Structures are given as structure tokens and as C-alpha cells.
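Number of protein chains: 2
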Amino acid sequence: MARTIGSNGTRTAEAIRQAGVKLIYKHGYEAMSLRQLAAEVGLQSGSLYKYFENKQNLLFDIVREHMEDLISKAEADLAGVADPLARLKAFAAFHLRYHMTRMAHVFIANMEIRSLEDEHRATIIAQRRRYEGLLEDTLRRGAEAGVFEVREPKVATYAIISMLTGICMWYRPGGRLSQEDLIGIYTGLVVGGVTGAEEAVAAPLPLEAKASMATSPAARTPKAKTKTTGKATAKRTAAGA
Amino acid sequence: MARTIGSNGTRTAEAIRQAGVKLIYKHGYEAMSLRQLAAEVGLQSGSLYKYFENKQNLLFDIVREHMEDLISKAEADLAGVADPLARLKAFAAFHLRYHMTRMAHVFIANMEIRSLEDEHRATIIAQRRRYEGLLEDTLRRGAEAGVFEVREPKVATYAIISMLTGICMWYRPGGRLSQEDLIGIYTGLVVGGVTGAEEAVAAPLPLEAKASMATSPAARTPKAKTKTTGKATAKRTAAGA
DNA sequence: AATAAAAAAGAACGCTTGATTGTTTCCTGA
DNA sequence: TCAGGAAACAATCAAGCGTTCTTTTTTATT
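Residue numbers (this note's numbering), protein chains in the order written: chain A, -16 to 224; chain B, -16 to 224.
Honestly, I wouldn't trust all of these hints.
The list cannot tell twin chains apart, which means a pair is met if one copy fits it or any two copies do.
Below, computed lysine-lysine pairings styled on DSBU-like, alpha-carbon distance capped at 30 Å [to be verified]:
| hint | residue 1 | residue 2 |
| --- | --- | --- |
| 1 | K56 | K38 |
| 2 | K33 | K5 |
| 3 | K38 | K137 |
| 4 | K5 | K38 |
| 5 | K137 | K5 |
| 6 | K9 | K56 |
| 7 | K137 | K33 |
| 8 | K9 | K38 |
| 9 | K56 | K5 |
Worth flagging that the hints you see were computed from the coordinates, not collected in a lab.
Note that the structure is predicted; figures quoted are calculated from it, not measured.
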């Protein structure tokens, strides 16, 4: 056999992209082998190279396109909103909704940066800076306008984004709380945090002791989590590309 | 040559553990080869097997021991603190200080869970549940006591822990802000978030454009910001645990 | 119908991986 | 002092890796 019946380039390209996202999300970039990916799409591993230069570039393409999508949608969403508080809420809502909808892409973009080669990683980090700037500017303007109590906009930006992004570590569609419920909860936490509870900002910290050491076993409660097929192991090839 | 002069089992075991943490932190578990690890310690790869059963168990040992340490220290730190607000602040301060001090271990424990085999992963997740319970119980009691405005303690727990954990994505010792500075800032955000800014919690969301899936081509920055604050800005993304 | 292009198969490559084994050297305690 | 155990080496294994190349089949174009 060679070319299969009904085969089509653009359709295969899209299938590879989707399968790549799925497998990298599930197993990680290093752990995903190209044979595994090819099997998922129904190809031989060698045939994949009609669709990307090498494994590294597949990852880079996926992450870069995701970041472009994230940024453009965020900027579009915030375009008309001027008031800092409204802008903050809009950002939080957008970020949460986006992250709940496209968890696999987000997860990859956050986790696999380390697997990118230097130049690629620099590109992605620059994109991320730009995205973070949307929030940071909002916080800074709000602080200048006296709406927010934010002494360190950059730190607050990192903190807030970490908090919001964290939702895709546990959220699964169909749970007790709807997306809009969660947006309400998270937004409340964010806005409360930056509009200043006086007692909070003032307080240094109430800690007396520092010591440690004590053993404690046991555990409770279950929670849904990702799974791994304990199969493939991989290497990170230095000479690879 | 065989046994090297001055070689000592317990010392080598410790060296392997440390090198393992270092290399997994730097390259990831999958990407770290045992030959790389052996070279770091000054051994041949085969010799490593005197110190662990296999690569998977090395990872598991590292993560499990880290979680045990985290939990026991946290429980010790919170032992005497009864008041919900004080307890919340103490938890935040502990978590931040711990994560700023042992970033490599924390990073591994959060990132490499997917690389653990099913049974091992279940053990670690149970430990994490227990740790999260410390915060969740505090939030729940504070809410019952009317000190906090927290409708969903579990969600708030995830959100807060993600935010706090995120600090080790960018914090590097020696930056402009001290550990205590950062603890103050983060604690302010946390306490503000749960002590309820009325306007925040009430507001549903001020968004008119709901469709996050609307296509928006390209991306134009009205205000792209690339402020380089010394070195504090760095590498990894704001993701959570 | 003839031909070119596209799509995929399939075999092969050089290498690295985690893991195993047998052997040699060093250290230590009776 | 000298055996016996601890510690590490050295060589090896099969498996799997990313990648390349050639061949074959299908589709599209003329």
C-alpha cells in the first residue's frame, strides 16, 4: 500500500495537529513518540514528516498558534472597555472562559515551554509578556486612578494570572458549578484582592514559629486527575534538530 | 577500577537525590537520562541501581518525601493558630516561604505528577488533598464564623493555592523585593479576596461580548509593554498547581 | 487516456535509552 | 590481618527513538 483511498492533505494536517495536542496533553511532549502520534492519526511515523519539519517544530507550531489566538481574542474582548474595574472583570472572565474551553492547549503552552529550544522559547515568552501586559496595564491604571490598592502591579499580575490559570488543573465540564458560576467566584476573589481589604494589606504576618519536623501519614478524598499510559519513555535529543 | 577511594554509600545516596532534583528541575523527568544523572554524581549509570529500584522509583521517592516534608511542616506551623484569619495568614506565609525556599522540589512535585505511574500518582494526590485540606478547613470555619465571605471553600482553596504556588514560576532570590515583601503582597491579595469586597462578590460580570469563540484576526497592540524589571521577570509561565 | 502531483507506506539508519550482569576494588570490623 | 561485604566499573542487551529515503498507490489535471 502507499497512498490510501480518500486521503487528503489538509484534513490529515489538521488531524495531526489535533492528535498532537491530545497526546502531548496526556503524556507530555517528551513522552509522546512520533510512532504513537502516527498511530493515533492512522499513519506510519515517517509519513508525518510531510506535515512538519521535526518534532520540535510541531510543538512550537502548536504553542505559537495558541498564543496568537489567545492574545488576539483577549485584545478583541477588552477593546471597548475603558474603566479599570470593568476591564479587570472582563479580563478575568475572558481568561477563565478561555482556559475552561481550551484546557489542553493552555496546559501545553504552560507546561512544555521548557521543551522548546531557546529561540522558540524566547518567542513564546515574548508573547506571554504581551498578554500579561493587558492585565498589568489595567492594574497600574486602576491604581493610579485610586480604584485599586495595588502596590506592585507586576507581582499582582503574576499572582492573579496564576490563580486564574489554575482553574484548568481541576475544572472538568459537567461539574456541579457552571462556567459562569466559577467566573463569578474567581472574579470575586480577584476584585476583592485588589480593591483592598485594609486590614489585609496592612498586616505583616502573624507567624511566631518557624520550626518543623513531625511525621504524618494518611490522606483523604479523591479527585479526578489526568492519567498516563505507563508506556513510552523518551529522550530529549540534543542532536535531533 | 571498581570501588573508588573514599566512597561512601549514604553520601552517594544523598548526592544522587540532590542531583536528581536538580536535573529533573532543569530538564524534566523524561528528558533526564540516567547516564546524565550518573555523570552529575560521578558514577557509571549502572551503579545508580544500588540506590534505587528504577528511574520511576527515584522520581516517586523524591516527590513523596517532599510532600511528607511539606505537610508535616505546615501542620506544625499551624498547630497553635485557632483564629481563622490568623490561620489563613499563617498558611499563606508558610506556603510562600516554603515555595520560595524549595522551588525545585515544589516544581517537580507539581509538574511531574503526570510522569508517575498510576499507583504512585494516587499516593501523591492523596497527600496533596490532605495539604489542601488545611486551607479548605480554615476557609470553611472562617465562613461559618462570618469572618470570610466564601461561598465555595473548595474552589477558593484551589484558587488561592494556585496563586500562591505560582510564585515559584518567577521568583528568584536576590530580586528587588524580599521574601517578606512578597509575603505581604500576596497575603494582602488573599485576605482581600476572601474577606469580601462587596461590589466584587455581588457583580456577576460586566461583559457584553460573550463569544470568546468569535474569530478575531491578527493582533494589534495599542500598548504592548515590555518593561524589564531587573531580573525578576523570568522563564516560566504563571501556572498553578 | 496519459501524465503529473500528492499522499502515504514501509524499510532502514544511527543512536540513545533504561536496565542487567559479572567483575574488580576498596573499606571495615572482628 | 584478612575475610566479607559494600561500592563502583565495564560491558552488554533489547527496545525504542527521531529521522531519512525509496517505492507505491491514489487523486487531479490535461
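Hint check:
1. K56 x K38: Close inside one copy (28 Å), not across copies (42 Å); limit 30 Å.
2. K33 x K5: Within one copy, since 20 Å is at most 30 Å while 37 Å is not.
3. K38 x K137: Neither way: K38 and K137 sit 34 Å apart in one copy and 39 Å across, limit 30 Å.
4. K5 x K38: Close inside one copy (15 Å) and across copies (25 Å); limit 30 Å.
5. K137 x K5: Result: close only across copies, 28 Å inter versus 33 Å intra.
6. K9 x K56: For K9 and K56, only the intra-copy Cα distance (26 Å) is at most 30 Å; the inter-copy one is 32 Å.
7. K137 x K33: neither (43 Å within a copy, 47 Å between copies)
8. K9 x K38: Answer is both; intra-copy 16 Å and inter-copy 20 Å each pass.
9. K56 x K5: within (22 Å within a copy, 38 Å between copies)
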